[in-house]
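Residue numbers (our numbering), protein chains in the order written: chain A, 1 to 197; chain B, 1 to 197.
Please note: incorrect hints may appear among the correct ones.
Which copy is meant is left open, because identical chains are indistinguishable; a pair holds if it fits in one copy or across any two.
Okay, derived cross-link-like pairs now, DSBU-like style, lysine-lysine, Cα gap no bigger than 35 Å in a straight line [unchecked claim]:
1. K14 to K89
2. K196 to K14
3. K27 to K89
Calculated directly from the structure, the hints in this document are not laboratory data.
Number of protein chains: 2
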Amino acid sequence: MIDVPPVNRPSAFKVAVALVHYPVCNKNRETIGSAVTNLDLHDLARAGRTFGVDTLYIVTPYRDQQQLVQEILDHWLTGHGAEYNVDRKEALSLVRICDDLEGLYDAAAARWGGRPTVLATGARLEGERVRPYETVRNEIFAGRPYLILLGTGWGLAPEVMQTVDGFLPPVCGYMEYNHLSVRSAASIVLDRLLGKR
Amino acid sequence: MIDVPPVNRPSAFKVAVALVHYPVCNKNRETIGSAVTNLDLHDLARAGRTFGVDTLYIVTPYRDQQQLVQEILDHWLTGHGAEYNVDRKEALSLVRICDDLEGLYDAAAARWGGRPTVLATGARLEGERVRPYETVRNEIFAGRPYLILLGTGWGLAPEVMQTVDGFLPPVCGYMEYNHLSVRSAASIVLDRLLGKR
Numbered sequence: 001m002i003d004v005p006p007v008n009r010p011s012a013f014k015v016a017v018a019l020v021h022y023p024v025c026n027k028n029r030e031t032i033g034s035a036v037t038n039l040d041l042h043d044l045a046r047a048g049r050t051f052g053v054d055t056l057y058i059v060t061p062y063r064d065q066q067q068l069v070q071e072i073l074d075h076w077l078t079g080h081g082a083e084y085n086v087d088r089k090e091a092l093s094l095v096r097i098c099d100d101l102e103g104l105y106d107a108a109a110a111r112w113g114g115r116p117t118v119l120a121t122g123a124r125l126e127g128e129r130v131r132p133y134e135t136v137r138n139e140i141f142a143g144r145p146y147l148i149l150l151g152t153g154w155g156l157a158p159e160v161m162q163t164v165d166g167f168l169p170p171v172c173g174y175m176e177y178n179h180l181s182v183r184s185a186a187s188i189v190l191d192r193l194l195g196k197r
Numbered sequence: 001m002i003d004v005p006p007v008n009r010p011s012a013f014k015v016a017v018a019l020v021h022y023p024v025c026n027k028n029r030e031t032i033g034s035a036v037t038n039l040d041l042h043d044l045a046r047a048g049r050t051f052g053v054d055t056l057y058i059v060t061p062y063r064d065q066q067q068l069v070q071e072i073l074d075h076w077l078t079g080h081g082a083e084y085n086v087d088r089k090e091a092l093s094l095v096r097i098c099d100d101l102e103g104l105y106d107a108a109a110a111r112w113g114g115r116p117t118v119l120a121t122g123a124r125l126e127g128e129r130v131r132p133y134e135t136v137r138n139e140i141f142a143g144r145p146y147l148i149l150l151g152t153g154w155g156l157a158p159e160v161m162q163t164v165d166g167f168l169p170p171v172c173g174y175m176e177y178n179h180l181s182v183r184s185a186a187s188i189v190l191d192r193l194l195g196k197r
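Extracted from the complex, chain A is given alone in its bound form:
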């Protein structure tokens, strides 16, 4: 994990979001590493800041991809972007970079003095380990720390599921079609868990 200063910003909830680029699935359900998308960082950071998320972790083992993330952050946190759009600076200040899931879990545990409850998201998750949004929301509002994993590409690889405490229900409508972008899914999940009602 890249050495970054501790987060000193007050935040509303003990909730972190991790955007995972490895291990994820490709179209053929093979495990791959995906490339970082600039707009993912912006959209998830803006949604995270709007809904009171503490930290947005970007998980990628690739040094060139970590460097890309760092360059984007530098532009918006201390470069021209910081003057051009202070709101964007505030959002992107949530971002931290991690090498892998182990580094992610260590960072999240260090942040709150113990491992948070880790929940995976996905379009096809089901079974006993699925926790209703309302239950998780109530626990968040009661102060329990949570880490929400989002997969890029065609979603989190199966091996990730062994490392988590449970799943959030798939986000869907009343159609059979269910192919949201990770930006859409993340936004909806945060609204369901943390949105003002």
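Take the given structure of chain A and dock chain B to it, following the hints.
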């Protein structure tokens, strides 16, 4: 408006979404026309298809921007993309191009034999004209046609508000910060109105 074949796909709801590129606000609250963003088309089409939206209108008066949208559609509907990802083809088949608000309202009225109820979205809308999500959701499920306007840039220009029937409440969390991308806001609005519960 560009001449396009009528929509023959069965859809769950009489709901259309319009992504407006003119007239919208810039950072200084001046009225401008914004550029089309490729990822907006994909994310909104995928969310629209997932939640059972009938049509996604892209509103821009600029011929070069309309041409860009058409090229994206051609790639995914009949070009290489149609074979590479059939799910994306299905989503992008929702897209229609309009020159302006007048063309948009005409197209929506032609689709359902009369003007739908038109609601604007925005981060700062308030007052008597705001309609609760639950009310609109119930009317949609009862079969009433709706057209939801989303603004790009810094949001729909004030003059748009004179042309609509009402507003949807701003999407927000419990923080003062409220700067969602249009992709995030659109996804959350659709989930609140059409999401499976």
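Hints, verified against the model:
1. K14 to K89: Answer is within: at 21 Å inside a copy they meet the 35 Å cutoff, but 39 Å across does not.
2. K196 to K14: Both, since 16 Å and 27 Å are each at most 35 Å.
3. K27 to K89: both (34 Å within a copy, 15 Å between copies)
Of the hints listed earlier, there is not a single one the structure fails to meet.
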